[in-house]
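Student: Whenever a hint applies, use it, and build me the whole structure from the sequences.
Residue numbers (this note's numbering), protein chains in the order written: chain A, 1 to 177; chain B, 1 to 271.
Because the hints were derived from the structure by calculation, they are not lab data.
With a cut-off of at most 25 angstroms between alpha-carbon atoms, the simulated SDA-like pairs for lysine to any residue come out as follows:
hint	chain 1	residue 1	chain 2	residue 2
1	A	Lys10	B	Gly27
2	B	Lys215	B	Leu89
3	A	Lys10	B	Thr29
4	B	Lys59	A	Ile31
5	A	Lys10	B	Val30
6	B	Lys266	B	Ser130
7	A	Lys10	B	Ala42
8	A	Lys10	B	Val41
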Amino acid sequence: MSVNLLEPAKAALLIFVAAILQVTIFSQIDILGGYPDVVLLTLMAIALLRGSIYGAALGFFAGLLVDTANLGTLGVTSLLLTIAGYWIGRYGETTGRDRLHAPFVSVAVATVLVQLGALILHYMLGDDVSARTVLLDTLPSKVFLNLLLTLPVYALVRRLLAVGAPVETATEVRLLG
Amino acid sequence: MLLSLILITVYFREPAGGGLHSVQGTGATVLRPFEVGANRVAAPFRDAYGWFAGLIHAKSENAKLRREVDQLRAAAILNANAAQQNSDLRAQLHYIGLPRFPQDYNPVPTDVISRPASEFEQQIGIAAGSSSGIRVNDPVVTSDGLVGKISAVAPHTAQVTLLTDPNLNVSAQDAKTQATGLVSHGEGPGTLTLSRVQKSSVLREGDPIVTQGWKVKGYSSIYPYGIPIGTVSGATNSEVDLYWNAQVSPFVHFDSLQSVLVLVPKTRNRP
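Tutor: So this is what it looks like as structure tokens:
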């Protein structure tokens, strides 16, 4: 029972740390007009390793944290990250499982779709948004920076969630019949 | 997903003092120590990066700054005389004016604890809130100039909408020629535009742009007169346009704000 609770708690703690780091430090790093999104990267790693339910639930939690810390419109980031977390989780559960390129494909696609979704959502909420700034000026560098950080973040999350620990293997084979 | 949509709908429709806003304010207060802690841990690394980055431009900047110091020293002497004369004349006339910056305001110095989480947001979080006397629409400045205004307040934290936000317009004027217009976000990141300047007015490159601080029929600008915004860096003059549109280089570096001052009017009582 305690093991079952420990795992979501560890994942939630990782998301919490990522959200705090994102709003305080990473959103200030301006490289080629964009900055990395460590919340999305952490969410991608957890969703790929733990599945769609984890992805959706932690995506919602991450969005809520980011919107609360920034006093932004509650639910906007949650909606985007819930969908992103669920999609990455489903991808991990089906075609992406154990494939080396899965984290990179997930990050590239999720970054583009989250940006596009955010643009549409903000437009629908009546915010004055510039599609050129978001899609042309910042998106390419954001995708590049996210891809650059994919491997270290994925490896770190994998290690912290202790995935891939040696399982107990069979020591003896008995032939029946 | 449904929960997110409900949150967006309720948050969007309720007033600023509504239930979700209050819960969010409490949440932001809870997160504040973590944000302050993360900022403190990152500060030495940020300073080190800034120091090395500054070294690269130091030599070329040195000569330019020396020239500027010479010009400004001469201007400062003239300004000091003019200010003294202005003060004397105001006293003699018993002149009643608008609130003046900075003498009619109590500055609340505070740390910046969060930055825009995405390109869609031009807001930052600060470590002071309503418990320090801060209210929505209070002007926010640094020693360089105008940063923006307070757009949301929680007890121990507040949200500042930057001047680069597309929804923020500030009435401003050319400090030399008195040409008036509206300062809003520019085309590129971190740039500003001065629009709606009458074609009969004069704008010169390098002119300082400051807040206008108007008052009409009981309504007044939330920004007092004279907060520096930037300098005119260029202007477009199309025959079909009714107004001048000028590019303004802001004095404030919006992407590297570490601390700000919130201007709380002296006439306001603290809670």
